[in-house]
Amino acid sequence: MIVTIARMAIPAALLAYSAWSAADALPNVGAQIEQAHWTAESWFDGKASAAIDSTWSDALPHRDFASGIVGAGRWLALGEGKDGVVPGRDGWLFTAEEARSMPEPLSASLARIAVLEETLNEMGVSLTIVPLAAKADIYRDETRNPSMANDLEARYDQVLASLRAMGMDTIDSRTALVSEAEVSQVFYASDTHWTRDGAAAVARAIAADLPGGDTVFEPVETETVAFHGDLTKFITTEAYANAIGLKEETARLFKAEAAASEDGADIFGSGDDLFAASALPTVLVGTSYSANPDWSFQESLKIAMQSDIVNYAEEGRGPVKPFLKMLADPAFRDTPPQRVIWEIPVRYLSDPSIWEPEEAQKDQPILAGGMLTDELARIDADAPVSLQAAAPDAAGHTGQLASLDLNTKGETHVD
Amino acid sequence: MVFASETFLFLFLPLFLVAYYLTPSKGRNLTILLGSYAFYGWWRIDFLFLLIATTVFTWMCGRMVDKRRDEGRAKPWLVLGLVGNLGVLGIFKYLGFFMDSLTGAFGTTPDQIGFHWQIILPIGVSFYVFQSISYLVDVWRKDAPADTGLIDFAAFIALFPQLIAGPILRFKDLADQFRDRRHTSEMFTDGMARFVIGLSKKVLLADAVAPLADLAFNNPDPASPLAWLGAVAYMLQLYFDFSGYSDMAIGLGMMMGFRFTENFATPYISRSITEFWRRWHISLSVWLRDYLYIPLGGNRHSTARTYFNLWIVMVLGGMWHGANWTFLVWGVWHGTWLALERARFVPRGDGPLSLARTLLVVLIGWVFFRAADMGQALDVLAGMVGLHGMVMPFDIAVQIRTEQLIFLCIALLIAAFEPRLNLWVRSVWASAPGSTMGGGTPEVAGSGGAASVASTNTLGAVLSSFVIAVLLVACVLRIAEASSTPFLYFQF
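Here the protein sequences come in this chain order: A and B. Positions in the first sequence are counted from 1; adding 581 to them yields this note's numbering. Positions in the second sequence are counted from 1; adding 13 to them yields this note's numbering.
Just chain B, with the same shape it has in the complex:
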């Protein structure tokens, strides 16, 4: 089920919220669990069993790690838990790719040699496996409690707002909230507003520019204007799609009394790739730092080793996104730039030149990220440098609509001025009594409160409610009018 679907908006969400708030406090985690399983099972019930099996397995391994730690016999259970989770990821995400590549090296195909597992990629497997791994490592490190009941842990893994596209949550950050969390009408309405803002990003912006990206990437020899248009459109589509999803996840969490970590902080104003990764998919960056970069030694060894660690973390981060050479190249590209910046081969600066350079590097990376294969990526890049000509043929031009170009411009402006917009939203919406939306730390959504707001602005708050209502109506109409609104990050 996707958030931007009518089934979710008008069936699942209302039913879930009613059930949740009718459930006594002690049973709400169970309601979350059942609701989340219904949410996941709506896609396919068979793969729900994989989620449940992974959850129970991880929970048991965590218990054993905790139990055997004092006896010095916990490590085998940690290894078992990690191998089991990585095995799930490996089988479902990489086995097909491995077989294709292996047989391809011998000039044949899996079909031709008589076996080809038609493996379906379970939605969200990358996310819930990463969360399971972080749980096991945190228990091992004594950062997370292992005495948690199965219901709470299963509810954490399956928590539907973030189950299939993140943000990547860590149990240690939410354990207390599973035991005890506050529910207030202000937090609920703030969550609803955040959800609507995220829905608008996805439905009104990302979906509007998506056809431009499709047009360029589906064209075997895109002319220069089309290649640039498509690359920029995808850059914006991905951001508004994914950050919109994160906003919706955070908003839904707030409606249930949870405070999730922020996942985006206006990344397209970054002046370096290092800064970009502090602002883009923050929960993944933090995960990679805590569970990969630091275990590899981080920056505690030689300078060369630090560069290598940065590089390899990004390469593995690229591969995490999918079994495709394009993701590998994307990871290598970002890892190399991170290492170069760390080594100060790239001049630092806060000016427009640094901004332009960073955006160009990110844009080139997104071309690989979007392309179906290396050939397609190289086609688009060749188009960008003018190797496929400078004039768009009529059959392409006729498919580009003014509406898409207008929304592309709006998306560009919003991406550029989002920091100011955020300040405005906080000053208006969050100025109402009791609001939890503004004034909080940037890392945690809804962590602020009325106390941090200097004054109240009733008129502004009412007007902002009206704006949110208009956005919701616009989204509902747009969803009903459009044929489908799939999320890009579901494929990961």
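Just chain A, with the same shape it has in the complex:
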């Protein structure tokens, strides 16, 4: 009898949990699934059931608990997370995207950038590219594999040299970040992104090279936010992060507000600016490094350049999609700015998927009439731009790019 009860307990528990979870999760599943999936065609080709699978799984009561507890156990036992995070020393975490191999020659990305620059130049707009150095390059002592940082440094030098050899305006973010890192923290330990100080250092480097305006902006502190770094999610959920020693990061936010003008500004603003030839000031575009207000890059740039900044950067969409969206924006096309600053983390340049027309056009089908993305696609088959080899570093690394294999799984991607 005891044996029978013990054995029947397993299917009984499964049935009971299934009934409970169905009652808990199912009512919301139907509403969460897109209307497009409730068609006969979707049922015939399996898209409807796949959508239900996914939504139902996400809605199950044990979902977050499982992610949290398994991840926490793995971290405590082995000091590891899922694919996507590379643990360093003293609680530092790095994105695996910085370490993975490169399936596509870098030259193909550079050729596509050249097409975009040409497009801007035809509109009378200058382009300045800000390749962002890898966090593991700047904080090499916090990684467990210093040779990785040597390769990342060589990769950065090669990208910069190649862009300059193509005649592009570039800003060396690496030098600025390395210098700033000696006095303050420029990247968050558990996040992929830069700190306010890191963003400000790069903003100053940009301002030193580019002509600015004459509007004085001053930082006005707004709030302080605490958050778990984005790399923490590759280890466990927020509910368990503190319990296993993954500390929160802190960001002090501020707004860059124009100081009151002393020379005749009125309610219409400065008389010189009001009817300026270019209604748009400098435009910033890029990834979440530029888009997320927690990093304060746009505000830092305003202060450093003494100019208002229109920001086209978007989170989670990489460097290319926001750029193409900006080009398709009638406001941008009708009144183009004098200059576009394009922030691109170097690790993205080895990701072929960001250049695929279908991917780039997703959610924005009227983008530039499709012409530009067609052109980008054509470039893929063209002869590659020659790369500039970086000089060997002290460790003997020759600048040969280790490859990156980005975005092979959506879950491993951070922007």
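The hints are simulated quantities; they were obtained by calculation from the structure and are not laboratory data. Please read all numbers here as calculations on a predicted model, not as lab measurements. Cβ atoms here follow ideal geometry from the backbone N, Cα and C, with glycine treated the same way. Hints may be right or wrong, so weigh each one.
[Stated by the list, open to error] In silico contact screen, one side only, chain B against chain A (beta carbon under 7 Å); selected entries: (1) Val-411; (2) Leu-490; (3) Glu-494.
For this one, chain A is given, so just place chain B on it according to the hints.
Chain B only, in chain A's frame:
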């Protein structure tokens, strides 16, 4: 739908079991049929019609074979049935490959010459076509009854536990069970335990080592340690994935009162390739023997013909797995070794040397089996012999996690000691009163009974229930945490 999905575990399975046991005995085959069609249609409803059409066609051909046999006019119906089924397999599985190869020979592509059928491979088509063929041949041979109703036959073909990845069942083995089968709580719980063991093999072992195999096979020039690591990881991944699926299928069958044939018998302890094929994918080996090797003449003709028959059966078995030159090479590789062993060119023995040689042969075969194309297979083999260097670059090393290596070691140990583990499971779990899990013949799952167990061990049985419960919870947590858990054999 896959067994290791939350939709199956928490939605389909409970609903199906409740519906099944609420259905009166006479209607349960219909419940199985409807449930199986829902299971299959969850993937794509359009291809469900192909399954239904194949089923009805095969059933009608079987009826005609039976009806016309006495008049001597059955053969055309047998041929029609076989050609029809092989036609389905040929169109959906090999037409694209044929067109690619043909156009490739002329230096072009199907797209360039203006036609390219984007044919989707229906899940499980290889399995249900093989079962249909075996049914027709068995009816022809008078080994299987042809007076079966369409519902029972359709339920057999569509029986969801084995529909999309086997084991390959034969109607003659299950016909009686479709007419009459016993349902007991012991068999149900034994089936649940078997299901959980299979789920654990798949989710906790196969999925854990899969990234190592991916890493090696996706690397164009894997260094020697990576190539070996990836090959061994795939060897274990495939075994625990597929044998886990078979365990789940057998367990689900038991929960419905069925007893399926075993499909694996600890293959990685084999001392020869011949023994390996007695232990690996047994239902396929038996199918190939009964419906290919024997019709070809088996070993009843000359010695040379026997070697050829062995060889060609394995080559065709390789091609059955997929339209790719790598599967052809895999079949040739195994067929050649089988023939060599038969001809006693390979020394026989029970020692560790024979074990190591057999594992090495199997491992090399799996490299071809796993590779996307011949180039990839040769890259990995070149890596294994050191042609791509001996040191793993950092960008690869950083992707290898301790967790994966630990599970690789656990999987290796379990593969090596599985016979002893099986004995232990039988002595503990199956020692409970009424258990059907242990003591049975090795060929048929759950064929034993309490009578074959010498003593009962209540404490052991309760503890083993606890272990099964823990494994189930671990699997549920792991499935929820992982992004996806596809089965390797679904592609076949």
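Hint-by-hint comparison with the structure:
The interface hint given for Val-411/B holds, since its Cβ lies 5 Å from the closest Cβ of chain A, which is under the 7 Å cut-off. Here the hint on Leu-490/B is kept, as its CB sits about 4 Å from the closest CB of chain A, short of 7 Å. Look at Glu-494/B: its Cβ gets to within about 4 Å of chain A, closer than 7 Å, so that hint holds up.
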